[in-house]
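Start from the sequences, fold in the hints, and give me the full structure.
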Amino acid sequence: NTKITQSPRYLILGRANKSLECEQHLGHNAMYWYKQSAEKPPELMFLYNLKQLIRNETVPSRFIPECPDSSKLLLHISAVDPEDSAVYFCASSPGTGTGNTLYFGEGSRLIVV
Amino acid sequence: GEQVEQRPPHLSVREGDSAVITCTYTDPNSYYFFWYKQEPGASLQLLMKVFSSTEINEGQGFTVLLNKKDKRLSLNLTAAHPGDSAAYFCAVTPYDSGYNKLTFGKGTVLLVSP
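Protein chains in written order, with this note's numbering: chain U, 669 to 781; chain W, 7 to 120.
None of these hints come from the bench; they were simulated from the model.
There may be inaccurate statements among the hints.
[Claimed, not checked] Restricting the straight-line Cα-Cα distance to at most 20 Å, the calculated cross-link-like pairs of lysine to aspartate or glutamate (EDC-like) are:
1. LYS112(W) <-> GLU711(U)
2. LYS107(W) <-> ASP749(U)
3. LYS112(W) <-> GLU707(U)
4. LYS43(W) <-> GLU774(U)
5. LYS671(U) <-> GLU691(U)
6. LYS708(U) <-> GLU64(W)
The following block contains the structure:
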C-alpha cells in the first residue's frame with residue numbers, strides 16, 4: 669500500500685523529541701493515529717476530520733497531533749517513555765461516519781531505549 | 007461499551023486444511039464488521055467489510071459468516087496455504103456511534119505449515 673505513506677519507518681529514541689509524518693493520497697477527509705503495542709490490536713489515539721481534531725482518546729500529553737492539511741498528519745512526541753515502544757499507524761477513511769472503511773499506512777516502529 | 011472477544015489467539019494448521027477464527031461481540035447495535043490481515047512487520051490490510059444485513063460473505067479463498075442472533079462473526083479460510091500465515095483482526099462498529107468507532111478483537115496469529 670503506497671497510498672498512505674509514513675516516515676520514518678523505524679525510530680530509536682532515548683528521551684528525545686521526534687515527529688512522525690503521514691501523508692495519504694486517497695482524497696480522504698478523515699485521518700487517524702493508532703498505536704499498536706506488541707501482540708495487541710490497534711488502539712485509537714486521535715481522529716481528524718478535514719483538519720479538525722474530533723477525537724482525542726486518553727493519550728499522554730507528550731503526544732501532540734497536528735494536521736497541517738487534510739492529506740497530512742503529524743505526531744509530535746516529546747520525552748518518550750519505554751511504554752511508548754510500539755508501532756504507530758496512520759490511517760484514513762473517506763469520512764468519519766460510522767462504517768467508513770479504514771485504510772492503514774505502513775506504520776512507524778518506535779523503539780525507546 | 008462494546009466488547010469483542012476473538013478466538014483462538016493462536017492457530018496452527020497444515021496447508022490445505024481449513025482455519026476458523028471467531029469473534030463474539032456484545033453490542034446488539036453492531037452494524038458494520040471488518041476483517042483485517044496483518045503480515046509480520048506489515049500494515050493492516052482489509053480482507054472484507056460486512057454489513058449487518060448479510061449473513062454469508064464470500065471472498066477469495068475465505069468465507070465470512072455473521073450470526074446476529076448469537077452476536078458472532080467468523081472468518082473461515084478454506085484450504086489454507088502458507089501465504090495465509092499472518093495475524094487476523096476482527097473489528098466491529100455500531101450503527102450510530104457518532105464517529106467511526108471501531109472496536110478491534112485482540113487478534114489471532116495463524117501459522118500455516120507446508
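These are the hints, each one checked on the structure:
Between LYS112(W) and GLU711(U) the CA atoms are separated by roughly 11 Å; this keeps the pair inside 20 Å, and the hint holds. Straight-line distance between C-alpha atoms of LYS107(W) and ASP749(U) comes to about 27 Å, which puts the hinted pair past the 20 Å bound. Distance check on the hinted pair: LYS112(W) and GLU707(U) sit about 8 Å apart at the alpha-carbon level, within 20 Å; holds. Note on LYS43(W) and GLU774(U): the hinted pairing holds, with a Cα-Cα distance of about 13 Å set against a maximum of 20 Å.
A threshold of 20 Å between alpha carbons decides the hint, and for LYS671(U) with GLU691(U) the separation of about 8 Å falls inside it, so the pair holds. This hinted pair does not check out: LYS708(U) and GLU64(W) have alpha carbons roughly 27 Å apart, beyond 20 Å.
Hint check: violations occur at hints 2 and 6; the rest are consistent with the structure.
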